[in-house]
Amino acid sequence: MSATLDRRDLLKLFTASAFAGPLLLTAADKDKPLFFSKDEFELLDVLSDHIIPTDGHSPGAHDAGVAAYIDRTVAEAFLPDDKEVWKTGLAEINRLSVEEHKRPYLKIGKEKQLALLTTLAKAEQDPKTAGEKFFVNLKESTAYAYYTSDIGIHQDIEYKGNVIQMEFAGYDAV
Amino acid sequence: MLLQFPGPNPNEVDLKPIYDAVVVGSGAAGGMAAYVLTSHGFKVLLLEAGKYQDTSKILHSMEWPYDHPRRGNKPPDYHALTVNEYNIRQQVAAEKSPYPNVQSYVQGWSGTDYSKTLVVDEKQNPYTGTRYAWVRSRAVGGKTNIWGRLALRLSDYDFKAKDRDGYGENWPISYSDIEPYYDKVDLYLGISGHPEGLPYLPDSKFQRPNKLTYSEVHLRETLQGMGRVLTPYRAGVTTEGLKHNKYRSRCYGRGACNRHVGGCDIHAAFDSPTGLIRPAWDTGNLTMRTNATVYEVTVDKDSGKATGVSFLDSETKQSYQVKAKTVILAASTLESARLLLLSKSSLYPNGVGNSSGHVGHNFCEHMMGPSVSGFMKDLVGKPRTNDDGKPGGFYIPRFRNLEGQKKSDFLRGYGYEGSSGTTMLPSSVSTPGFGEEYKKRVRDYAGATIEIGAFGEVLPRYENAVDIDPEVKDAWGIPVLKFSYQFGENERKMATDMAASGREMFEAAKFEVLSNSDEMLPEGWSIHELGTARMGSDPKTSVVNQFQQCHDVKNLLVVDGSTHVNASCQNPTWTIMALCWRSCDHLADQLRKGEV
Numbered sequence: 001m002s003a004t005l006d007r008r009d010l011l012k013l014f015t016a017s018a019f020a021g022p023l024l025l026t027a028a029d030k031d032k033p034l035f036f037s038k039d040e041f042e043l044l045d046v047l048s049d050h051i052i053p054t055d056g057h058s059p060g061a062h063d064a065g066v067a068a069y070i071d072r073t074v075a076e077a078f079l080p081d082d083k084e085v086w087k088t089g090l091a092e093i094n095r096l097s098v099e100e101h102k103r104p105y106l107k108i109g110k111e112k113q114l115a116l117l118t119t120l121a122k123a124e125q126d127p128k129t130a131g132e133k134f135f136v137n138l139k140e141s142t143a144y145a146y147y148t149s150d151i152g153i154h155q156d157i158e159y160k161g162n163v164i165q166m167e168f169a170g171y172d173a174v
Numbered sequence: 001m002l003l004q005f006p007g008p009n010p011n012e013v014d015l016k017p018i019y020d021a022v023v024v025g026s027g028a029a030g031g032m033a034a035y036v037l038t039s040h041g042f043k044v045l046l047l048e049a050g051k052y053q054d055t056s057k058i059l060h061s062m063e064w065p066y067d068h069p070r071r072g073n074k075p076p077d078y079h080a081l082t083v084n085e086y087n088i089r090q091q092v093a094a095e096k097s098p099y100p101n102v103q104s105y106v107q108g109w110s111g112t113d114y115s116k117t118l119v120v121d122e123k124q125n126p127y128t129g130t131r132y133a134w135v136r137s138r139a140v141g142g143k144t145n146i147w148g149r150l151a152l153r154l155s156d157y158d159f160k161a162k163d164r165d166g167y168g169e170n171w172p173i174s175y176s177d178i179e180p181y182y183d184k185v186d187l188y189l190g191i192s193g194h195p196e197g198l199p200y201l202p203d204s205k206f207q208r209p210n211k212l213t214y215s216e217v218h219l220r221e222t223l224q225g226m227g228r229v230l231t232p233y234r235a236g237v238t239t240e241g242l243k244h245n246k247y248r249s250r251c252y253g254r255g256a257c258n259r260h261v262g263g264c265d266i267h268a269a270f271d272s273p274t275g276l277i278r279p280a281w282d283t284g285n286l287t288m289r290t291n292a293t294v295y296e297v298t299v300d301k302d303s304g305k306a307t308g309v310s311f312l313d314s315e316t317k318q319s320y321q322v323k324a325k326t327v328i329l330a331a332s333t334l335e336s337a338r339l340l341l342l343s344k345s346s347l348y349p350n351g352v353g354n355s356s357g358h359v360g361h362n363f364c365e366h367m368m369g370p371s372v373s374g375f376m377k378d379l380v381g382k383p384r385t386n387d388d389g390k391p392g393g394f395y396i397p398r399f400r401n402l403e404g405q406k407k408s409d410f411l412r413g414y415g416y417e418g419s420s421g422t423t424m425l426p427s428s429v430s431t432p433g434f435g436e437e438y439k440k441r442v443r444d445y446a447g448a449t450i451e452i453g454a455f456g457e458v459l460p461r462y463e464n465a466v467d468i469d470p471e472v473k474d475a476w477g478i479p480v481l482k483f484s485y486q487f488g489e490n491e492r493k494m495a496t497d498m499a500a501s502g503r504e505m506f507e508a509a510k511f512e513v514l515s516n517s518d519e520m521l522p523e524g525w526s527i528h529e530l531g532t533a534r535m536g537s538d539p540k541t542s543v544v545n546q547f548q549q550c551h552d553v554k555n556l557l558v559v560d561g562s563t564h565v566n567a568s569c570q571n572p573t574w575t576i577m578a579l580c581w582r583s584c585d586h587l588a589d590q591l592r593k594g595e596v
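Heads up: the protein sequence lines correspond to chains F and G, in order.
Counted from 1, the first sequence has number 30 at position 30 by my numbering; the numbering is strictly sequential.
Counted from 1, the second sequence has number 545 at position 545 by my numbering; the numbering is strictly sequential.
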């Protein structure tokens, strides 16, 4: 039973984060999130779109419904801590914003928003503060939700597999 | 008329007849024993502790992650143990976990909704002693429902390893003894690969090979200059179809096979239920009893022979006995050893088949962890290709301690498994940073990544062992295994060399190295546990003979990986099946002659 690289490497990436998987719930819409308050959801939506924005190549996290997927995931998380970490993490982003700019994250303008995230991202490999730790969780969760979405797989990555082929793609060993 | 597979409800299965053979376990080994013996015309009762689950219906190979409400992940009340939890202490982590369902680490990245009913619940199935990542499947087909498909032969470098380096014991067989049975397994089950003519990794009877990506072709050419080989993944997958098996389709290169841990819903990849058990069923000679947790091999006090087994219904816990002319253990290396050790009687006070004291000892496997990942600069930002439409990546066979080479500072060898190019969830998502730059890098590097991970031979050592814990019992009241098992100096030295040689190959190919680890993953990680009832000619130092019959009890066979004398560095499934086929042919001959 060979353990594959994918199994091991991606495990490292994703089991550390707060994923527990969502209930069989209907899709949340931004006016009626399943777990987050309306304000929290809006903040999460904007943050996720700052992590993976729309560019000339493909739509970003907002269009891919990343916040809705995270909302569903957190709503059915089994451990209370896995819910709490999102509430406190979002609050920490606003606290940092208010501390530096006297206003919450959504009110400081894109330049300052990205500067705030850039500061947190510097410690991505070794996060220490509450804000730095939340950034890692937010980034990993956003990346997973985005790159497993319809937009992420097809429009951004342009994944060519998962199709029926009479011949394998690639080159012969000679 | 044949009963429809998988037969009646478990508690309606007829246990009154004396079967020619009762087989315990339905994975690669048990399936093979059932197939070979029923084909010879013998009546076989196959006992499986789990249920029958039709993977054709539950796997959904081609479902996109976003079409699953949890993107393929397990329900929220399920928890998979992490590396850290194994390192701290798996037993405590499982026992104290707040989650109602705790399972081994085996996951894939979006396949847990598939595997959640195939791997056991760790709380119901505890074990004690040293840390060990013990992955168990209780379901018809066992771990063949999730296996990684790499199907390799062993050679006399393995069977006669002691002749080369003086360590351990030789097997009581040579490659020439098992070669015809490797051929049979290849032709009956189908295997994909490219012939390389290597004495230390014999070629199989290959069907259409996997193809390589651009970076893999480049690495193959680079390695040729270093006297090493990169060959397309030798997959236990039928790529051209099997005219003799209507339950299995040829491979259609749909790929993303690792997303669901393993498993194949069209059964192009070998699994025991469609590859072996259904053909056995169609002979009309097979009876299958699921939900049968075997806890003892019963013996006759006068003749000393095995008379059958006792089992508990896995749901009702009611006890049953069944009688058979031969008892065949195929419950997996560690579970078969556990059964032998549990079967104590006045005649066999140390457990049946254990007069040598070697049952549970000489436990060995493959060590994993050392790895290299990186990317090929030429491929960064290039248009997307389908790198994923095949059942596996590539394999780099062992290149240490071969004929004519300078001896390493460790014994034996290791191989590297690898993969490259764009996967459905690219490994480049772990790129640091965020924003437009991050997004572009993930996209640009997705097709350029390449990674290899080593599998090394762990030396069999008498002191590496399992025994029955005197106190702890599982959810069925059956005493559990206690592990005394740890990697040693040879493995540590090998791990250092693995990391260095991996980097050396990447640098020779001018790949940019992103990470290079020499850290060993916890014991058990490879899911290749072997050796706890080793074969040999001397009843004082081995448990079974070359036909996997217990020296002490000739009508008791152990046909799984527990009989392997050493682990080699090649993946064991194909060898397990070839040995089992050979032993069951021999047993059939003896049964006909009335010699058992």
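None of these hints come from the bench; they were simulated from the model.
Just so it is clear, CB atoms sit at the ideal spot from N, CA and C, and this is done for glycine as well.
Careful, some of the hints might be misleading.
Stated by the list, open to error - In the BS3-like style, the derived pairs of lysine-lysine whose C-alpha atoms are separated by at most 25 Å in a straight line are:
{"hint": "1", "chain 1": "F", "residue 1": "LYS122", "chain 2": "G", "residue 2": "LYS96"}
{"hint": "2", "chain 1": "F", "residue 1": "LYS133", "chain 2": "G", "residue 2": "LYS440"}
{"hint": "3", "chain 1": "F", "residue 1": "LYS160", "chain 2": "G", "residue 2": "LYS377"}
{"hint": "4", "chain 1": "F", "residue 1": "LYS160", "chain 2": "G", "residue 2": "LYS540"}
{"hint": "5", "chain 1": "G", "residue 1": "LYS205", "chain 2": "F", "residue 2": "LYS112"}
{"hint": "6", "chain 1": "G", "residue 1": "LYS382", "chain 2": "F", "residue 2": "LYS160"}
{"hint": "7", "chain 1": "G", "residue 1": "LYS211", "chain 2": "F", "residue 2": "LYS110"}
{"hint": "8", "chain 1": "F", "residue 1": "LYS83", "chain 2": "G", "residue 2": "LYS96"}
{"hint": "9", "chain 1": "F", "residue 1": "LYS160", "chain 2": "G", "residue 2": "LYS211"}
{"hint": "10", "chain 1": "F", "residue 1": "LYS38", "chain 2": "F", "residue 2": "LYS102"}
{"hint": "11", "chain 1": "G", "residue 1": "LYS162", "chain 2": "G", "residue 2": "LYS305"}
{"hint": "12", "chain 1": "F", "residue 1": "LYS83", "chain 2": "G", "residue 2": "LYS116"}
Stated by the list, open to error - One-sided excerpt, in silico: chain G residues whose CB lies under 8 Å from chain F:
{"hint": "13", "residue": "TRP64"}
{"hint": "14", "residue": "VAL217"}
{"hint": "15", "residue": "GLY253"}
{"hint": "16", "residue": "GLY389"}
{"hint": "17", "residue": "THR422"}
Stated by the list, open to error - Negatives, chain G to chain F, calculated, CB over 12 Å:
{"hint": "18", "residue": "ARG70"}
{"hint": "19", "residue": "ASN386"}
{"hint": "20", "residue": "GLY435"}
{"hint": "21", "residue": "ALA475"}
{"hint": "22", "residue": "HIS551"}
Status of the hints after comparison with the structure:
For the given pair, F:LYS122 sits about 35 Å from G:LYS96 by alpha-carbon distance, which is inconsistent with the 25 Å threshold. Between F:LYS133 and G:LYS440 the CA atoms are separated by roughly 24 Å; this keeps the pair inside 25 Å, and the hint holds. Among the hinted pairs, F:LYS160 with G:LYS377 is consistent with the structure: their alpha-carbon atoms are about 21 Å apart, no more than 25 Å. As the CA atoms of F:LYS160 and G:LYS540 are separated by approximately 58 Å, the hinted pair breaks the 25 Å bound.
Between G:LYS205 and F:LYS112 the CA atoms are separated by roughly 64 Å; this puts the pair beyond 25 Å, and the hint is violated. Proposed proximity of G:LYS382 and F:LYS160 is supported: the alpha carbons are some 14 Å apart, at most 25 Å. For the given pair, G:LYS211 sits about 47 Å from F:LYS110 by alpha-carbon distance, which is inconsistent with the 25 Å threshold. Restraint check: the Cα-Cα separation between F:LYS83 and G:LYS96 comes to about 20 Å, which is no more than 25 Å; the hinted pair holds.
A C-alpha spacing of about 16 Å is found between F:LYS160 and G:LYS211, which places the hinted pair at or below 25 Å, so the restraint holds. Between F:LYS38 and F:LYS102 the CA atoms are separated by roughly 22 Å; this keeps the pair inside 25 Å, and the hint holds. Between G:LYS162 and G:LYS305 the alpha-carbon distance is near 33 Å, which puts this suggested pair outside the 25 Å criterion. Taken as a hint, the F:LYS83 and G:LYS116 pair is honoured in the structure, with Cα atoms around 23 Å apart against an allowance of 25 Å.
Annotation: interface hint on G:TRP64 holds; nearest CB of chain F at approximately 7 Å, less than 8 Å. A cut of 8 Å between beta carbons decides the hint on G:VAL217: the least distance to chain F is about 5 Å, and the hint holds. For G:GLY253, the interface hint holds, the least distance from its beta-carbon to any beta-carbon of chain F being 4 Å, beneath 8 Å. Checking G:GLY389 against chain F by beta carbon gives a least distance of about 5 Å; that is within 8 Å, so the hint holds.
A distance limit of 8 Å between C-beta atoms decides the matter here; for G:THR422 the minimum to chain F is near 6 Å, and the interface restraint holds. A beta-carbon of chain F comes within 12 Å of the beta-carbon of G:ARG70; the shortest separation is about 4 Å. With a closest Cβ-Cβ approach of about 4 Å to chain F, G:ASN386 is found to fall inside the 12 Å limit, against its non-interface label. The claim that G:GLY435 is not at the interface with chain F is violated, since a C-beta of that chain comes within 12 Å of its own (minimum 6 Å).
Listed as a non-interface residue, G:ALA475 keeps its Cβ farther than 12 Å from every Cβ of chain F; the least gap is roughly 21 Å. Chain F leaves G:HIS551 outside its interface by the beta-carbon criterion, the shortest separation being 29 Å against a cut-off of 12 Å.
In this structure, the hints that do not hold are numbers 1, 4, 5, 7, 11, 18, 19 and 20, in rising order.
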